[in-house]
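Visitor: Sequence:
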Amino acid sequence: MSPQGPGPGPGLRSVNTRELSEVVFNNRSPRSVLPIWVDFEGRPRYYPVLQPRTGRLMHSYRGHLWLFRDAGTNDSLLVNQQELFVAAPNVNSADITLPVFTLKERCLQVVRSLVKPMDYRKLDIVQSLYEELEDHPDIRKDLQRLSLERSETLRNGILE
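Under the numbering used here, think of the first position of the sequence shown as 1, with each following residue one higher.
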């Protein structure tokens, strides 16, 4: 596991607890999966890749946050039908699956896999698609978005 520069700020971060939470990460997808632990400062820490249709016992702790990405494309994957997994003593399985991508998202994935980034603008497509192709999946942007969503949910829960 390796640090990747500064974290996303005062957003999502794992809670530093000593309460063990053993969980099996089950890759139920046809893709190679990169497990990512969000550390105590909110930085992503990358763990060894899970091959398709395999699992691994992880020794995590209550309140630790995990995300899962396609190791080849960096596309976000789901865990127990959510984007974010929060380790807890009573949760012993984390099932990693593909989300249902929109047709547009899937097309962008395929074009990115077939065309070099320097050649995107040679394609005969509308301007907005160039920009979307160049906007590759990014763990930091996803962490910021998830942090905002979580803040809004908490704020709305307090106001209701």
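The hints are simulated quantities; they were obtained by calculation from the structure and are not laboratory data. On a predicted model such as this, the values are computed, not experimentally measured, just so you know. For each residue, glycine too, the CB sits at the ideal point set by N, CA and C. Incorrect hints may have been included.
As the list claims (entries may be wrong) - No farther apart than 30 angstroms at their CA atoms in a straight line, the calculated lysine-lysine pairs in the DSSO-like style are these:
| id | residue 1 | residue 2 |
| --- | --- | --- |
| 1 | Lys122 | Lys141 |
| 2 | Lys116 | Lys141 |
| 3 | Lys141 | Lys104 |
| 4 | Lys116 | Lys104 |
| 5 | Lys104 | Lys122 |
Unchecked claim - Derived DEER-like restraints, expressed as beta-carbon distance ranges:
| id | residue 1 | residue 2 | range |
| --- | --- | --- | --- |
| 6 | Ser151 | Leu114 | 36 to 42 angstroms |
| 7 | Pro117 | Gln82 | 28 to 34 angstroms |
| 8 | Pro89 | Ile125 | 48 to 54 angstroms |
Visitor: Next step is simple, just say for each hint if it's right about the structure.
Guide: To see whether the hints hold, each was checked on the structure:
A hinted pair counts as satisfied when its Cα atoms are at most 30 angstroms apart, and Lys122 with Lys141 qualifies at roughly 27 angstroms. Between Lys116 and Lys141, the direct Cα distance comes to roughly 22 angstroms. Compliance with the 30 angstroms bound is thereby established for this hinted pair. Under the criterion of a C-alpha separation no larger than 30 angstroms, the hint pairing Lys141 with Lys104 is consistent with the structure, at around 19 angstroms. Simply put, Lys116 and Lys104 have alpha-carbon atoms about 18 angstroms apart, close enough for the 30 angstroms limit, and the pair holds.
Proximity of Lys104 to Lys122 is assessed by CA-CA distance (about 19 angstroms); at most 30 angstroms being required, the pair is judged to hold. The given range of 36 to 42 angstroms is respected by Ser151 and Leu114, whose C-beta atoms sit roughly 38 angstroms from each other. Restraint check, Pro117 to Gln82: a C-beta distance of roughly 30 angstroms satisfies the suggested window 28 to 34 angstroms. Between Pro89 and Ile125 the beta carbons are some 50 angstroms apart, a value that agrees with the proposed interval 48 to 54 angstroms.
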